[in-house]
Amino acid sequence: MITTSIRRALLKVGAVTAIGALALTGCTATPGEGAAEAGPMLTIPREDMGTFSQNFNPFSPNAAPMTTQSVYESLLIYNPAGGDTVPWLAESWETSDDGLSQTFHLREGVKWSDGADFVAADIVTTFELQRELLGGFDYLDSVKAVDEKTVKFTFNRKFSPALFEVGQQVIVPDHIWSEFEDPSNEENPTPVGTGPYTEVSNFQAQSFDLLPNPNYWQPEKQKIPGIRMLAFAGNDGANLAAVNGDVDWAPQYMPDIQTTFVDKDPENRAFWFPPTGAEINWQLNTTLDMFSDPEVRKALSMAIDREQIVKVGMSGYTIPADCTGLSGNYDEWRDADVVADCDWTGYDAEAAAEMLDEAGFTAGADGQRTTPDGKPFAFDISVGSTSSDWLSVANIIAQNLQDIGVQATVDSPDWAAVVAGYETGEFESGIVWSANAPTPYQYYRNIMSTESVKPVGEQTFDNYHRFGNERADELLADFAATTDAAEQAEIMSELQGIYAELAPVVPLFPGPEWGAFTTDNFVGWPTEENPYATLATRAPTTVLVLTSLEPAE
Amino acid sequence: MGFILRRLGFYLVAFWASITLNFMLPRLMPGDPVTRMLSRSQQRLDPQQVESLQRLLGVEGGPWWQEYFAYIGRVFTGDFGVSISRFPTPVSEVIAAQLPWTLLLGAVSLFLAVVIGNLLGILAAWRRGGALDSVVPPLLVFIGSFPYFWLAMGSLYVFGVTLGISPLRHAFSVGLTPSWDLTFIFDVAAHLILPALSIVLVSIGGWMLGMRNTMISTNAEDYILMAEAKGLRPRRIMFNYAARNALLPSVTNIGMSLGFIVGGALLTEVVFAYPGVGYQLLAAVQGLDYPLMQGLFLTITAAVLLANFLVDLVYVRLDPRVRVG
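Those protein sequence lines, which keep their order, are chains A and B. At the far end of the first sequence sits residue 553, using the working numbering, and the numbering has no gaps. At the far end of the second sequence sits residue 325, using the working numbering, and the numbering has no gaps.
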């Protein structure tokens, strides 16, 4: 009958395909090298994009990886690992005496990848687009091209963090972008940039190559044949690629990295997790009566064992926080006296219990504490379900608190639900990241400024725990108004003092900047001894790595 | 004809209900796309920047009923707007780029599972109590009770990492350009084996058992006895008399499985970094990408309904009783 013969035929086709494919597996196991003559490409995984879109628009929040690292460049680069500022497209800059304007002198000889000169008009157009499409820079009054190679920013108020914000904005070419009718929806598939690797090649859904910019301003630093990005739908796939030696650079989190990754080839492989990420805090909702007293917040902070949190929860990849709440990114601002004078980030369960007794949170016969108005001292710790490391941190906190009779329950819905609660102030406590910028201004502003405090129920994007201090407001305003380094340092010390005194949030540890590499194909990676950049692939410093790597012998 | 019209009416109502659900469910989730984007990348922005971003991505939104009617209109014109999580790529482009891979993976594994499973079922029932019947079904049910992504990870580890005989990721080797030449086709096939195998192994037991059980009851029918009495060859009785009649429940199952091809292989796609829509759907849900979610859900809904409709049509052909009923 017909059905039988069709079935048989189909079965045969299926079998033949399977056998044929099996036979060929051996031949295709080694991926073809696109540029075999020029040596291997610098291969980098991207763990949170299952597939790529050919979108190199730097104003798009989901541009293809490397858009703002290797294609477009900024005027200067701040390196949080070394604490230094590297002049890049600008050779030098100065701030006017009144602090209301900033002038950048552009580097001579910089060209766009299409051969056009890099001029001041490019910067003017970039900032027009940035402010129109993405906002921000509300302190900026005007951006003017003084001449071809000089650009002047005028501010409507003094704002010293402006240098880094303005300086790290990536610049797009005026002669291309002024032609786009709808820049926000522009996919910019063949970008023209000043960066070292700008030429898109063989763009596929899960991989693409960036080849050298033929007109780069530092041709002597383009030592690698190109960059190859691979797409992965999660850490597991990207980690497998790293362990298997299929990628040169692994910027994603890897559990037990020493055993799983480095020990496979200790000669060539290494990782470096500098604590320069955003500070990770345990925030207590200060609008709730139980958390309104700084002594209670400090007591809770002393009740938790940060050593254990860092060792167990974070696999030893970071260090415990101190009372300034500053991450390793701000080491040069840290006031050693504040750190020395304060003890509420050290583990001392007995002292914590005493402080809670004094504050009126006494323990009953069953050992459980109650608030001064007689309710059980119990609350939730919110953390997103996908952050397995932070979940274990939250569990350690809950155990530590249990020891002193405080009932904390870890609540772990989806991150979006957690953050929605943070934003409207409808949460009890939670683990949260913080702002990370070249100066601690944004960090302290988000944590202590009254301006950023919104009533519960109203959405806010910065001060989730809703704490404000008027003295901090004044200091923050003073900090923004001065460009004098000594004065800034003094103001920051005083802010650290306020933080240490009032404990607006409970700092836990600085977020590590993940990064691992192999020297199989390329050498010249940043390390703890040579911290010219971090190993991040999405940071402004990435271009420093790209221009320092060279093929291994 | 009346039967088909009735079914068609039913599908229209089902379609309306599902597109309405597609619209409502994502909006019942907490947060908005921009907050989700920031919470995933752990960024902090000024409130003003957040507003600009919301405006840029077009997620400010009017009253829900206005959005609803605009959405219904878009469904019928096939224009789903611009994806938020892949901004500014249009939803149709995102889906079109990835759907073929999902269809390939799903269709190949479904085809293999159905053909092999049913054949095994037929043979097992025909030699009831034989070696095939007593060993294979328990074994397959045992394998089938593993989560399919676990099998996927296991086979990836064994064949990909330890033995190194199969590709570890993606739908084709890096550096190749899609084309119809043999190198590329074989490369795609090589990348397809493990993902497809992990799905086939898990689902094959169900097909086999289903087929075996229906076959056994069919084998007891009088017309089988009659066919044997007539002296027909056993093979002919097995396939043309018993199997054909035992096939009906399987056809229904094929219809349902066809529909789930689109969304069903999510975790396999994630494990093998296969460029299908499954991962995209997960990302869209996590990122509250309403336009992309709507586009994908609609694709899945349409696939399920279409497959069921086709099955209904096939039924009419296969089983004359349906036409009367």
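Derived from the structure by calculation, the hints contain no laboratory data. Computed from a predicted structure; not experimentally measured. Warning: the hint list may mix true and false statements.
Calculated Cβ distances over 10 Å to all of chain B for the following chain A residues [to be verified]: (1) G50; (2) Q218; (3) R228; (4) G364; (5) S388; (6) N395; (7) A398.
Here are the in silico distance ranges between beta carbons for each label pair [what the hints assert, rightly or not]: (8) P219/A <-> P178/B: 32 to 42 Å; (9) N156/A <-> A17/B: 49 to 59 Å; (10) P178/B <-> E181/A: 47 to 57 Å.
Backbone N, C-alpha and C define an ideal beta-carbon position, used for all residues, glycine too.
The hints, checked one at a time:
Separation of G50/A from chain B is inadequate, the least Cβ-Cβ distance of about 4 Å not exceeding the 10 Å criterion. The Cβ of Q218/A sits about 28 Å from the closest Cβ of chain B, beyond the 10 Å cut-off, so the non-interface label holds. The Cβ of R228/A does not lie farther than 10 Å from every Cβ of chain B; its closest approach is about 7 Å, which violates its non-interface assignment. Look at G364/A: its CB is around 36 Å from the nearest CB on chain B, clear of 10 Å, so calling it non-interface holds up.
Every CB of chain B lies more than 10 Å from the CB of S388/A, the least distance being 15 Å, so the non-interface label holds. No beta-carbon of chain B comes within 10 Å of the beta-carbon of N395/A; the shortest separation is about 20 Å. Against the 10 Å criterion, A398/A stays outside the reach of chain B, whose nearest CB is about 22 Å from its own CB. Remark: the range hint 32 to 42 Å for P219/A to P178/B is upheld by a beta-carbon distance near 34 Å.
Checked against the hint of 49 to 59 Å, the pair N156/A and A17/B passes, with Cβ atoms roughly 55 Å apart. Hint check: P178/B to E181/A, Cβ distance near 31 Å, so the stated range 47 to 57 Å is violated.
In the structure shown, a violation is registered for the earlier hints numbered 1, 3 and 10, in ascending order.
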